[in-house]
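**Q** Both chains are given apart, each in its own frame, so use the hints to dock them into the complex.
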Amino acid sequence: MKTNYLKIGLLSIGFGLLLLGSCKEEAYEIPKAKDGLQNDIIKRSLGPNVVGATIDFAYAAAILPDQGKLTSIAVEASIAGDEGTVLENKSYYTSSTGADVGVVVGDPATVNGNNMEVKFTKDTSASTLRYSYKIPAAAKGKSVTFTFRARSSNGQEVALKTEAYAIRNMDMALDLIGKDGAACFFSVADLKWYTATEAAANPDKIDLVYLYRALPTVTYAHSLVAPTTDASYLPSFTLPVGLTNKTKIVKAWTVRDQQLARLQYNVFVDDVDLKDKSFVDAPDFAINLKAESGIWLQTADGKYNAYVFVNSVNNTTKEMKVSVKRLQVK
Amino acid sequence: MKYTLFLIGMLFVSLSGCKDDYPMDEDGLLITTRSECYVSSFELLGADFQTVRTKAALVDTVEQTVKVEVLFGTDLKNLYPQFSLVTDAVLDPKILGKQDFSNLDTPREWTVVSGNRKVRKTYKVYLTVQK
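If you read the sequences in order, they're chains A and B. Position 143 (the first sequence) corresponds to 157 in our numbering; numbering is contiguous. Position 80 (the second sequence) corresponds to 82 in our numbering; numbering is contiguous.
Isolated chain B (complex conformation) (with noise of 0.2 Å):
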């Protein structure tokens, strides 16, 4: 008898430490209550996955937008973007490989979404190359 009340309690503990706290994304990453939303700093590396920045890039958090000056002889076509976020957030799209800058006038888009998915922001990547 006491074993079995023992393995009846046991068995509410465990179901209780199953439960949900946080609700999660489709990735699988915690959806959190943090509304904070922004690019901390930015990295660019070229097919050798080495840097091809010339200094450190400039974030505007204000503005959205990131400015980042390459070397001479950059192959702009293959390059592997790197974006540190605020704790939670994420990015959208997702960067899955290598990403096309060759379209200097056209600045590439990425939108930082927030922990807790109800914040946005869009952030402009504008290139320019070393002379």
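One chain only, chain A, in its complex shape (with noise of 0.2 Å):
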């Protein structure tokens, strides 16, 4: 029995000893800097990629100053990047504000093709670029990669190739202004508003109308029906001969999808949210209808399922401004 105790006894201490060993505190060193020209890459975009929308990144190069200093950063997309793609000549640092403060560090970036370079004409060791791809048309459904590249004047050169990002399949378009009164009659298949008289001309391709309405003893203010719903949705409005889609619609709060509405929330409608929406028993309108909500619809000839956001109302202009993300799923 003391034997045991002994024995327990000797391994507390032991326990003890060794967990005072490893509360022993290590002074910090500063890390030393690799050696040669090192290189890394940040996404920093977020959602899915849709024609019209950007990837951006954060491309970082440094070499130590007795080696070297950076000569040019170059980024090459597997598919030429559409007009606003730009490859920054600026690296940022934040203000004491939280700001981000842009310093030059070489020309504009010159285009070859789907290459983007940018020459350092400052006396730099580091430095982080940004990278900002509009997504073309010519992506739309394909994969796009990108290789990013620095070089420094000790004739170093190092790459960096990124995942490849599957772009959507699905189309968006922003900021459509409707107009009670004139460019009421939205056609989903153009994303485009109409007049009255271009709807009269293109009857099959509308798909909405947009009416605002200040009833006395209702609330009917900014509302989106299709041209076939019951008359009384329709106040005081004759409609164009020959508008007869009864496009499906189901209303939404609290989808504000980040790239339409361009606010805080991180919310994405993406090509399978489009896809799989059901539209069992959907009506065909959408009554008063407030900002920063939304209507999920479907074509009347099952076509396309789209999201419309409502990015803002008027009372007084009596305008509602939308922006859609649209899929074709037949």
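Treat each hint with caution, since some may be false.
Unchecked claim - Partial pick of chain A residues on the chain B-facing surface, computed with a CB cut under 10 Å:
hint	residue
1	229
2	232
3	246
4	264
5	268
6	295
7	301
8	307
9	308
10	309
11	310
Simulated from the structure, these hints should not be mistaken for laboratory data. Note that this is a predicted model, so its numbers are computed, not measured. Idealized CB from N, CA, C, for every residue including glycine.
**A** This is how it looks when you write it as structure tokens:
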């Protein structure tokens, strides 16, 4: 029995010493910079990659000052970016107020096919350049990769290739303004508002009618309805002849898609959301739509599913600004 | 020997703790002694999960009715009713998704079942649309 107590005692002391030993504070040392030209990359943008949107990166390169200076940074996209693609010639730092402040470090980027290159004009050994790739229509449904390269004055070159980013099949259109009594007929196929005259000329294209009414006894306000909806949902309105699309509509709230709304919410409508949305028993009207609300819709022919986000409404000018994501499903 | 007695004692304590004080229904909810059976409030949400009521629903626990006026332009086929019930009561049938209220002439019916599951009261829900 005594032997057991002795064993337990020794074991406890051993554990105690082990714990004390592990608590030893190690002095901090500034990490040593790696030898030679180094590079790294982060993707700055979130959400599905949609034609018309951007994929944003920050690419950093650095070399020890006694080994050389940066001479150029370049990026090659597997599919050439659309107009608006930019490799900035500024390196950013964050000011005391939290603002991004850019410092010019080189000439504006030169474009050569799928390549963009910034040649450094400032004496710098470390820099982070931003790259914003505007997704072109040619990339729809495909994948795109990017190869970033940095060169230094000592003749070194480093490169990083990103993963492949899938470009979605959906289309996106931003800030389309409908106006009651004027351009109030919306075509999902064309992603465009039409006037009554234009609607009469293309009746099969019209999927939605926008109306603003301040009615005395009921709340109608800003509404989107299908041309076929009940006459009570088209108050004081004469529909052009030939509009027969019975669009299926489902009201939505809190679907403040970041790419459509450009607000602080991290909500993204993706291809799969549009594809899988159910329109069983869906009505053909959405009455009293407010800013930051939206509607899911399916065109009468079942060809398109779409999400229409209401960016803003204006009671005075009787306007509604919408942004749309649309997927061809048939 | 002491340890053995201690363990046996603990076992008895554990077993007595598992004793069922109340029976449960098929949903795992306790069947209690409460016999109260009524709807305390009623909410109705649209497809966008926003209320479609124009004002508070009128719940009559004597007549066993709920009367609610909904906004002009409400999609009556796709509504989500929400009943608040007295403690321990349940609703029959359960509401598992959107409900169709489009037949305004025929009120939808739900039965409130008390906590002891012995009292059942059927409520009719009448909808009118703002005009």
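**Q** Against this structure, judge whether each hint is valid.
**A** Hints versus structure:
1. With a least beta-carbon distance of about 8 Å to chain B, the hint placing residue 229 of chain A at the interface is held under the 10 Å criterion.
2. A hinted interface residue such as residue 232 of chain A counts as satisfied when its beta carbon comes closer than 10 Å to some beta carbon of chain B; here the least separation is about 4 Å, so the hint holds.
3. Interface hint at residue 246 of chain A: satisfied, since its Cβ lies 8 Å from the closest Cβ of chain B, which is below the 10 Å cut-off.
4. Of the supplied interface hints, the one on residue 264 of chain A holds, with its beta-carbon coming within about 5 Å of a beta-carbon of chain B, less than 10 Å.
5. Contact between residue 268 of chain A and chain B, as hinted, is supported at the beta carbon level, the nearest pair being about 8 Å apart and thus within 10 Å.
6. The beta carbon of residue 295 of chain A comes within 5 Å of a beta carbon in chain B, closer than 10 Å, and the hint placing it at the interface holds.
7. Checking residue 301 of chain A against chain B by beta carbon gives a least distance of about 3 Å; that is within 10 Å, so the hint holds.
8. Hint status for residue 307 of chain A: holds, given a least beta-carbon distance of 7 Å to chain B, under 10 Å.
9. The restraint placing residue 308 of chain A at the interface with chain B holds, with a minimum CB-CB distance near 9 Å, inside the 10 Å limit.
10. The criterion of a C-beta within 10 Å of any C-beta in chain B is met by residue 309 of chain A, whose closest approach is roughly 9 Å, and the hint holds.
11. Because the beta carbon of residue 310 of chain A sits about 9 Å from the nearest beta carbon in chain B, less than 10 Å, this interface hint is met.
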